[in-house]
Amino acid sequence: MLETILFYLFAATSVTTALLVISRVNPLMSALWLVVCLASSAGLFALLSAPFLAIIQILVYAGAVMVLFLFVIMLIDISKEALKPRVVRFAKVVAVSITGYFTVIVCIVLWRPSFLPAPLADAAYGDVKVLGKMLLTDYAVPFELASLLLLAAMIGAVVMGKKKL
Amino acid sequence: MNLNGISLLFLFALAVIVGLVMVVGTSFLGKWRGNKARFIPYECGLDPVGSPRSRMPLKFFLVAVIFIIFDIEVVFLYPWAVVFRDFVADGKGVLMLVEMAVFLGILALGFGYLWVRGALEWEE
Amino acid sequence: MNWFQFLGLTLPWLIVLGASLTVLFLGTLMKRGAHAVSMAISLLSLVAALFLSWQHWVADVTVSMGMMSFGRMTFLGWMVIAIASIFTVLLSHDYLARRKLGHPEYYSLILLSTVGMASLIAGSHLMLIFLGIEVMSIAVYALAGFLRHRLSGNEAALKYFLTGAFASAFLLLGIAFIFGTTKTMDLTVLAEQLPTVLSGDMASWFLFGVAMVLIGFAFKIAAVPFHAWAPDAYDGAPTPITQFMATAVKAAAFFALLRVASPLVVAVGPGWAKTLWLLSAATMIIGNLAALMQDNLKRMLAYSSIAHAGYALVAFPTLSTQTPELVHGVIFYLIAYTFMTAGSFAIVAFAQGQGESADVSHVAGLAKRHPWMAASFTIFLLSLTGFPPTLGFFGKYFLFSGAIKNGSIGLVVLALLSSAVSAYYYLRPIVVMYFHESREGVLERTSPATSLVAVVTIAFLAILYFGIFPSDLLAIVQRSGM
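Chains as they are written, first to last, in my numbering: chain A, 1 to 165; chain B, 1001 to 1124; chain C, 2001 to 2482.
Since the hints were derived computationally from the structure, they do not count as laboratory data. One or more of the hints may lead you astray.
Looking from chain B toward chain C, a few residues come up when the C-beta cut is under 10 Å (computed) [unchecked claim]:
hint, residue
1, G1030
2, K1031
3, V1098
4, A1101
5, V1116
6, L1120
Keep in mind the model is a prediction, meaning the values are calculated, not measured. C-beta: ideal position from N, C-alpha, C; glycine also.
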């Protein structure tokens, strides 16, 4: 019971705040709503018995990535004119109707009269120990490759961001 | 729902409650002695002119990116630390140590590069 | 897992990785001559990788370990990207030296990117394929914006990064759906499970995932309608990097798509064949038509590379495990395309000289000043059009004859018609080179750098040799299996 209430609470929060993110005129407000959105999806992860993922969501996304977002927003000079509410153009009408059409198609295709309840994961699923074992044995090669990814990002950041190369 | 998830949610709830109590509490506990001058950035001299939204120099951005990269590195360190003892018990300790050493080694080299390149210095 | 065997098999790219780190430090610490040393180390490591991949190919090891499947096809793919990267490094030295941009990061990122491509080509697990794509792309995003003082350089990097990140999101979402419905990301296991999944009640979710993966790949190979980033990114990037994006990145993405397509996209059924049919047709028609209107050589080659991706896609609607001739056709075509495109970009880099503009007028009068360069460019362009006896002709021939054998006659007719259109814009620079007077000061009397001449010569010889004896190259491709 508590689980269901919490699920609806987090789900409603994340959907509402996601809508707020894309509808705010001021990008700073969008970014701050995004923090709430990410935090409530972290709650969803915790409910799905994936505590590690929930922690990462807070630590990396709601923490570090949001810091970067805020920096980028402050990096670009946003004048008052740029913050005016957007004008609806023909191209946007077309884009929205195509998206709507696509959504309807996808909903029709994916709709099943009754969703099967998700199979119950065992208690160890999503546990940090299981995750760590998988990461270091089966997923050892992608794990090492991830360090290369981070290295490439590091060099790329210097190339793009350092004043005097 | 397993116990891990529930305990984590308690932690989240606690964090939210502490934050709210601090914000709401101060407005009740503290006595507000207000006058108009308190809303002015400086209580003497000229009123500030210009946009409060000043542009941030690019060097902040570089520091932020580097911070994220090492933040993500730590994320990988955590599950390794949790299971390392089990691997040692299985006799696979050396292999796991090497795996992590390679991972950290590549990033440490990256860090060394940032250092010698002067990316951590404050360019004026 | 036998780690020693694994390290032995991946040795070519471990060397490249080591070289990348060495360049990064040596280039930063050395005060003088850093550029030449960086270039030499990069070149040596790539040549070593090429040689070792060839040795692996000769030894013919077939084994799957560490989420990678090694076999002759993998090693052939490694050789293709090693050759393409060698061309890039050779072109870069002169280009960067003229602009005083010889930073070690440049070479280091190229090498890291090739390591990403190598794991992308070898990967038999969607996780590894995704990570490979990301390592490859992130390095190239930064490289695309390496001309930091140019507004169009920044535009190139930003457009490429945003659309690329968008594509990665699609790819990852697709992988998540596939994993959610099948509980596996291993391509061989997926191929076995496919019949059960498709008849089960999760089928539509699985297909949704496949669609997302296909969109992600279509972005990376710049197939219409996911191509809009390509012309701007190609135009604003430094010319050697444009060449890198057009050859190495595209070849690696196609090798991976070939591996992913047969268990996932194609095996699903006729609905997907139709989608791929449309993708291929739209890509070649729009690529060729848009190329007609370009005055800028780099933009023209960008649209031409879109069109060529469309030709390679001709094989995909009827692809299956029973059609080795289609796979071989695509790979032969990719190799041919790599040589002719690399050669063309070498000439463009030469014609650009000190400036950044790549207008077609820059090659005016090239025939008088540098007859050999003009002759080579003519051969490259004729090969891109598909005239015999060049490699480009046989690339198209093997690809299209394989497609006809498997019944995609309509698509081949479209491909032939649109390549007839392409003759117009490929022949235009030839006319300009031979019959237009050069503008004052556009083309200096300086002789081209040795490394640039090397690229042109290698590409020229490869196109003519394999154009006259295509069976040699075809034998290598055919003996690589599937």
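Do the hints match the structure? See the list:
1. G1030: Violated, about 46 Å.
2. K1031: violated (51 Å)
3. V1098: Nearest chain C Cβ about 9 Å off; hint holds.
4. A1101: violated (14 Å)
5. V1116: Holds, because the Cβ-Cβ distance from V1116/B to chain C comes to roughly 5 Å (cut-off 10 Å).
6. L1120: Nearest chain C Cβ about 13 Å off; hint violated.
The structure shown violates the earlier hints numbered 1, 2, 4 and 6.
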